[in-house]
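Number of protein chains: 2
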Amino acid sequence: MLKLGVIGTNWISKMFVDAAEATQAYTLTSVYSRREASGREFSESAAIYTDLEAFFTSGIDVVYIASPNSLHFQQVAQAIEHDVQVIVEKSAFSNPKEFEKIYSILREHPTVHLFEAARHIHQDNFKAIEAQVADMDVISGATFVYEKYSSRFDAYLAGEEPNVLTRTFSAGALTDLGVYPIYAIVKLFGLPEDVYYFATKLANGADGRGTAILRYADFDITAQFGKMANSYQRSEILGRKDTILIDNIAELGDVTYVDADGKSVEISTTAPENPMMAEAQVFADIINDPDAHTDEYEELFMLSQRVNMVLTQLRQSAGIEFPADHA
Amino acid sequence: MLKLGVIGTNWISKMFVDAAEATQAYTLTSVYSRREASGREFSESAAIYTDLEAFFTSGIDVVYIASPNSLHFQQVAQAIEHDVQVIVEKSAFSNPKEFEKIYSILREHPTVHLFEAARHIHQDNFKAIEAQVADMDVISGATFVYEKYSSRFDAYLAGEEPNVLTRTFSAGALTDLGVYPIYAIVKLFGLPEDVYYFATKLANGADGRGTAILRYADFDITAQFGKMANSYQRSEILGRKDTILIDNIAELGDVTYVDADGKSVEISTTAPENPMMAEAQVFADIINDPDAHTDEYEELFMLSQRVNMVLTQLRQSAGIEFPADHA
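Protein chains in written order, with the numbering used here: chain G, 38 to 364; chain Z, 38 to 364.
Hint data in this document are derived by calculation from the structure and do not stem from the laboratory.
Note: identical chains are not told apart, hence a pair may lie in one copy or across any two.
DSS-like, lysine-lysine: derived pairs with alpha carbons at most 25 Å apart:
id, residue 1, residue 2
1, K300, K185
2, K278, K224
3, K278, K238
4, K238, K185
5, K224, K134
6, K185, K278
7, K278, K300
8, K185, K51
9, K138, K224
10, K300, K164
11, K40, K51
12, K224, K164
13, K164, K278
Computed from a prediction, not measured in an experiment: that's the story for all the values here.
Please build the complete structure, drawing on both the sequences and the hints.
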């Protein structure tokens, strides 16, 4: 049983702990929170730490980090230094410079694994998409959409600076929501040859929504995402005459294949109630038997690095700088 | 009753003649076709001409031109020289140079009107979209999609060079299908500040599909169109929390407004059986009483010129040249 520590006490940490415990591979033992009360509210039984050093030396095997993006780098580095396995929410790091530094630290702690919690790519319905794509004769293009009005945008309009819409926290539409479609695209199609990001910037310089174009040798892919409007579009992968339709690239509730004759077949199965269970299981399997999963881990790690590169290139193409870029 | 001549004997000419006659403002009198037999097949009662000069001096008041795009310029010029009113299928001209020359000729024939047959923007359901857009507090972005696999792409794959996928005819996905979303966008939102076109080019250099980005001061708009794959996406205009959904930006069968609370209201009415009737009526009204419609005509003419500019800028951004650009 892996002793699990958690940084961040919001809804996504709660969901991950539920998923982790449901796999029966983890047990929550430690919670780090800036405020003791928030930690206690999060868990009645775990030990609560307001000091990060004490948290990392509390005997945990693995930490799940869901703090604001800009804090990931320092917290992940500290975890690795303590030989604690790391699961960090996406986007993992602000830029390739941070990723490189983490890589160097990992080299000195060869037993530690670093996982980016891209939950959707581990789900059965994502694997159904991968199998269908592999089975299609031609890919002509694709559109991935993840755009939903956020209550945090109400806060922005009211004059506040919510974390998820502030460059100080390495946040914005691309790194918070765009990371879902970008992860899916890079997992399915590899590194693009060229990328462009058309961002609608807020007064504070963060991106509220945007459209990214990822160019491949034979086709282009569009990703549309944002927090300041409601899109009802599906995601879609275009073959020659056939098409894959995906209701939501993050939630993956319904995936349908429409063949060349226009006949629809659902290729998805009922999505698990907790969408983080699949990734929690994958990470536990690798941690518990690393030698049997060398290739799988390597692939995930490389994917994480590629996504980090693509996100940064997109951001640069839109002229969006994070303070972390100049750290 | 306007005496109508037609150039081009394909399905779209047939549809226009049906629409024109249904308005009871036109009567078909002359058909130009390279082959007499095609002309006779098109109409049993009209006079058939295989010589363009004879066609234009046959006493017609107005000509509807649905020849390949690259032939429009010469045929329109000739029509104006004969003081024949002109309705030309979209895309009207290959580039702004052609448009300018036509404008000069029009100045010498002040009674002649030039109409581009952008049928969708004249429909009631398009006006419903315009009214809804005008009523929305904020526009955050939009996506317009018109992408359908064409049997002509089968021909291309079989080694042929179909007109609609050949630069020699100033054709391709943008000028043949993209013109629908681009027309809608420029009519609704005016001239963009900046445009980008990501085209998937065929071996012959024509665009088989593509994604265009039109940037405005406060938002970006995406247009997706093509002839080499099947998209099932709707078109969509994003407000703040509210959204307009359009089943098909060319056909405009169903337009729905989803308000900030997620409540849907259909704002479209049953589309007319013949989608070209609305434009045929508008053009006849202007021709029959020009003084009462000066502003309306001016607006349509300016819109046509703007669309011509935007299409050309998009094409240039993708490095797609037409032979007509060097004429």
